[in-house]
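A.B. asks: Those sequence lines, one after another, are chains X and G. Take the first sequence: its position 59, counting from 1, is numbered 166 in the working numbering, and each next residue is one higher. Take the second sequence: its position 105, counting from 1, is numbered 181 in the working numbering, and each next residue is one higher.
In silico lysine-lysine, DSS-like type, Cα no more than 30 Å apart, as pairs:
#1 K145(G) to K130(G)
#2 K79(G) to K149(X)
#3 K164(X) to K185(X)
#4 K149(X) to K190(X)
#5 K79(G) to K169(G)
#6 K149(X) to K130(G)
#7 K79(G) to K128(G)
#8 K179(G) to K79(G)
#9 K179(G) to K190(X)
#10 K79(G) to K145(G)
#11 K185(X) to K169(G)
#12 K169(G) to K164(X)
#13 K164(X) to K145(G)
#14 K179(G) to K149(X)
#15 K169(G) to K128(G)
#16 K179(G) to K164(X)
#17 K130(G) to K79(G)
#18 K145(G) to K149(X)
#19 K130(G) to K179(G)
#20 K145(G) to K169(G)
#21 K149(X) to K169(G)
#22 K179(G) to K128(G)
#23 K185(X) to K149(X)
#24 K169(G) to K130(G)
#25 K145(G) to K128(G)
#26 K164(X) to K149(X)
#27 K164(X) to K190(X)
#28 K179(G) to K169(G)
#29 K149(X) to K128(G)
#30 K179(G) to K145(G)
#31 K164(X) to K79(G)
#32 K179(G) to K185(X)
Just so you know, these hints were derived from the structure itself, not from any lab.
Single-letter residue listing:
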Amino acid sequence: EPEVTQTPSHQVTQMGQEVILRCVPISNHLYFYWYRQILGQKVEFLVSFYNNEISEKSEIFDDQFSVERPDGSNFTLKIRSTKLEDSAMYFCASSPLSNYGYTFGSGTRLTVV
Amino acid sequence: LAKTTQPISMDSYEGQEVNITCSHNNIATNDYITWYQQFPSQGPRFIIQGYKTKVTNEVASLFIPADRKSSTLSLPRVSLSDTAVYYCLVGPKAGNTPLVFGKGTRLSVIA
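Just chain G, same shape as in the assembly (with noise of 0.2 Å):
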């Protein structure tokens, strides 16, 4: 499985738009991206999926550069109810091999 990198925490105020940035140099051609949301003391909450460019849907936005290394997550005038840890997740979309989490990247929004 391909390995992500998230910044470990962001910051943010009420309003703005939140973009987190995931690398993931060894993404394989028949790996999707995936991105969850996780509040305390709940399970992971489905957000997002993408294969390439730009996929939109009423919570957020990803973004899929044409090398598939990187993707962001925009997440478009924050509230205090975002506030949550977000996990970036690549790996095949059909297929046994499990998603596994990283450590994800907490988001703080603050008022």
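If we strip away everything but chain X, and leave its shape as in the complex, we get (with noise of 0.2 Å):
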């Protein structure tokens, strides 16, 4: 069964750096989002993804955030300056229609220190 691979599973960073997240959707998908999980809360939708530029993005989607396809087959997550609560699992998924049959990845756990 196709899969959606995210590196690294964990990334612990001080405050203030930048990390970048990433993706491998599955290859015939033609929608990628992030999502991301603070421990015990909800699935919280960060940004869409269509035909290389953003469709959709949340309120926590601020200016410190922003995303790339940089070729085929990457979808990278970049937050610029780190914040302690930007500690939480994300999550990337990619579908094959919107809003249809999301496949998730594993997820990154970053913690901000």
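Mind assembling these two chains? They're in different frames, but the hints should get you there.
C.D. replies: Have a look at this one:
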């Protein structure tokens, strides 16, 4: 079964540092997403990406966040200057059609110290 | 987006059928109902999606009454490995509106 691959699985970074979270979506999927989940809380939408541009973004996705699809396979989330409250599990997802059958990756646990 | 209401938690013994009901009174005409499962420290996993009546796959069944104001996810003969959080989501199948996760239902399966 095709998978969404995320790297690294764990990332510890100091406050104020930049981090890049990487994702390889399923190859024939067209829609890509980032969600995050703070420990014990809901899965929160960050951003959706289609046709090489952002389709939607939430209030969480402020100027400190950016996404990029630098080549035909990778989809990255960059946090420019991390804050303690950015500590969370970050999930990448992709889907063949919008809002249908998202496949999520296993996540990157980001810890900001 | 239609708001959904699910029980916060449920307990079940192994081998039993589990039914989790979700209320979505404000569902729109073009909205679909989708269920996801999430294990600890993993991403949500798509289980099933439907629009009306009944949908069945190898994992679960989804029952949707004619008025579509609620839906029931049915898990046949649960095992310990079905212990997870189950999310009911309602939204259009196509378009730019992303899926919004609620708090879900935490199902605990007991031996």
